[in-house]
Amino acid sequence: MSEYNFAYLDEQTKRMIRRAILKGLAVPGYQVPFASREMPMPYGWGTGGVQVSAATLTPDDTFKVIDQGADDTTNAVSIRKFFENTAGVATTEETDKATVIQTRHRIPEAKLTEDQILVYQVPIPEPLRFLEPRETETRKMHSLEEYGLMHVKLYEDISQHGAISTSYAYPVKVSERYVMDPSPIPKFDNPKLEMDAIQLFGAGREQRIYAVPPHTKVVSLDFEDYPFEATKADHCCDLCGATDSYLDEVITDDAGNRMFVCSDTDYCRSRREAGHVGPMTKENAA
Amino acid sequence: MTPLLQVKDIQKHYGARIGCTDVSFDLYPGEVMGIVGESGSGKSTLLNCLAGHLEPDAGQVVFDTRADGPVDTVTMSEPERRMLSRTDWAFVHQHARDGLRMSVSAGGNIGERLMAVGDRHYGDIRDKAIDWLGRVEISEARVDDRPTAFSGGMQQRLQIARNLVTGPRLVFMDEPTGGLDVSVQARLLDLLRGLVREMGLSAIIVTHDLAVVRLLADRLMVMKDGHVVEAGLTDQVLDDPQHAYTQLLVSSVLQV
Amino acid sequence: MIELNDVSKSFTLHNQGSAVIPVMEGASLKVSAGECVALTGASGAGKSTLMRVIYGNYLAAAGKVLVGGLDVAKAEPREILALRRETLGYVSQFLRVVPRVPTLEVVAEPLLALGHDRQIALGKAAGLLKRLNIPERLWALSPTTFSGGEQQRVNIARGFAHEYPAMLLDEPTASLDAQNRETVLSLIEEAKTRGAAIVGIFHDIEARQRVCDREIDVSGFTPGKAA
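Protein chains in written order, with the working numbering: chain A, 1 to 286; chain Y, 1001 to 1256; chain F, 2001 to 2227.
So that you can see chain A by itself, here it is in the shape it has in the complex:
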């Protein structure tokens, strides 16, 4: 028997996951425990995201997978193929053509719409974990809204580094209630967390699902005198010239030369197709 049930998981499992998703959407930012299944990939390789995608996909969906912004890395390719095999859904690399997007550690540059769902892969869902190792205690802190400790971490950053040095997985307060770890996206992406699409977060190893419904208020934690800044490298994309996208730094040789390129490969491609050029493109053309 070589046929898979649609999207690999059995129907009961998908129902269980959907219940968790609905609960997560009803309580934005709250970590819902779920019975994470054994998937055909090890923990730490996106099992949470895959389970959420599997429960969310329908046969009419178009699926996109990115890993740190790129569609063509090993992991993104594997997961895309996985769903092509087990769900038979259409897949794409173009952000605006996708209906469900699974991502590892980035939010696409293109603005997402109300018809789209963004599924994040989450390693450690608990934002307080590094300060308070006890699960019993962090659960209480969330339920009692005791988040002083989160600001202690930011305080320590400023006292040691002169500024809040957290550059990814920057904690946010969702809907003025729960403090959430937005997964290891760069803090540059934090402002995008307020979007029109549905956002679902899956942590397979830790067995938690959480969600942010469309148009939800998401505020990055900060101090009045040290406000949050969505910073990025002081550069433009060397291929397409974009100044508003998050950049990857690529070492080009062992003489110290490097170039900066859009981390979101689809965004870069669409800009280049539209005729935009960057510093390196000119050189290449020359």
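Please keep in mind that the hints were generated in silico from the structure rather than gathered at the bench. All C-beta atoms, glycine included, are put in the ideal place defined by N, C-alpha and C. Be a bit skeptical, because a hint or two may be false.
Claimed, not checked - As a list, the in silico DSS-like pairs of lysine-lysine whose alpha-carbon atoms are at most 27 Å apart: (1) A/Lys-153 with Y/Lys-1128; (2) A/Lys-173 with A/Lys-97; (3) F/Lys-2130 with Y/Lys-1008; (4) Y/Lys-1128 with A/Lys-173.
Said to hold, decoys possible - One side only, chain A facing chain Y, incomplete, derived with CB under 10 Å: (5) Thr-73; (6) Thr-136; (7) Lys-140; (8) Glu-145; (9) Met-150; (10) Val-152; (11) Leu-154; (12) Tyr-155; (13) Glu-156; (14) Ser-159; (15) Glu-224.
Once you have looked at the hints, place chains Y and F on chain A.
Leaving out everything else, chains Y and F in the frame of chain A:
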């Protein structure tokens, strides 16, 4: 005047063993109550029942809250009790390590309670922390150091600063000078005395050291085997002890 | 101001086979505002004991101990604490202080406890220390290292910092030279003039005769020898 704390018939058993029983007293604003007794007397059990760390088997601990007047903290909801312990109440542990976050800087330790009640200005929080370090005689230069780099006496003073920064009205102390050198104890007791008076604090101090109660406490309760055997003004209980056990305790103190 | 009615006191030494030692019986006396009454009697007759009963330091076994209308024998601890803060001062024979506190603060303590302005309180303390010839260079030091006489003068300064309506003085002129004894007696006279009721123990006959209006022999209260 309403008592700040009304303790009524507190009882706590460990199986068939009595932890503490039949304890009742009223504490008024600005009063310091000492509870003395030897190991096993039930004084720590009592303190933990009063402070909400242990649930008593019977009895009430009625605290005069700012918002709602006298409320029995034993039957309070946990969120309310936790909020109380961050604002109006403070607990100074015997071992500073139990009352501090050892991996957070001194400034962060003091600032935590402020941040927990909503302070969001880094500069202000830091200034308050530095001010409090000064009040507990820790050099401002140590504000970013971790408590692991502090001596025992300094850790204890940091714990006190961390507890008092939000201006609590009632402080519970469990052997606050236990394990410290004599000269360090003297300094700490003097500091506590000054702060208690300056801030108009009420305090309940558990100790086995009679010199500490003589110095800090207005009133005294003597415990033995889970019972309060004598209570009254500190100087009266120590100078004119009525109960046999108190007389024994007082006469056992070594003269220097 | 101070009134004792049929007060008795005994000590029960539980650890010595529950031996009961009666020390006082049927003690009655009255001291009005502006009066100074001396307690006399042989050593061990119970003068200090009586004073401590008035202060609430010793528990009376029976009778009424009224100070400013409050029955100390039956009062709540906080009532006695308030009484000692505002109304009843006590200068004992020995200075008992917290280590590390400077002399100036020790003397100002009763005023600070009443909420007086800090600078004013320290000013008054400085004045008293000057009168009692404690050199200014010692004011920042803790009195624990002073001589017996110096400690006693600090003790007295503290006792007179606040203008108590009632005062108990236990050997206030002991270990003092003539000049300082004179100062203390003046302080007592000033207190009387402003209306304080004073009970004192003076072994020094001259001092007693100088400031005291009456004498009460406490041996009259010794059990078995009722007057």
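Going through the hints against the structure:
1. A/Lys-153 with Y/Lys-1128: 17 Å, holds
2. A/Lys-173 with A/Lys-97: Not satisfied, since the Cα-Cα distance of roughly 30 Å exceeds 27 Å.
3. F/Lys-2130 with Y/Lys-1008: Violated. F/Lys-2130 to Y/Lys-1008 sits at ~51 Å, over the 27 Å cutoff.
4. Y/Lys-1128 with A/Lys-173: 26 Å, holds
5. Thr-73: 36 Å, violated
6. Thr-136: 13 Å, violated
7. Lys-140: The hint holds - A/Lys-140 has a Cβ within 10 Å of chain Y, the shortest such distance being about 8 Å.
8. Glu-145: 8 Å, holds
9. Met-150: Holds - the Cβ of A/Met-150 comes within 10 Å of chain Y, reaching about 8 Å at its closest.
10. Val-152: 5 Å, holds
11. Leu-154: Nearest chain Y Cβ about 8 Å off; hint holds.
12. Tyr-155: Cβ of A/Tyr-155 sits 5 Å from chain Y, so the hint holds.
13. Glu-156: 5 Å, holds
14. Ser-159: With Cβ-Cβ at 5 Å, under 10 Å, it holds.
15. Glu-224: Nearest chain Y Cβ about 5 Å off; hint holds.
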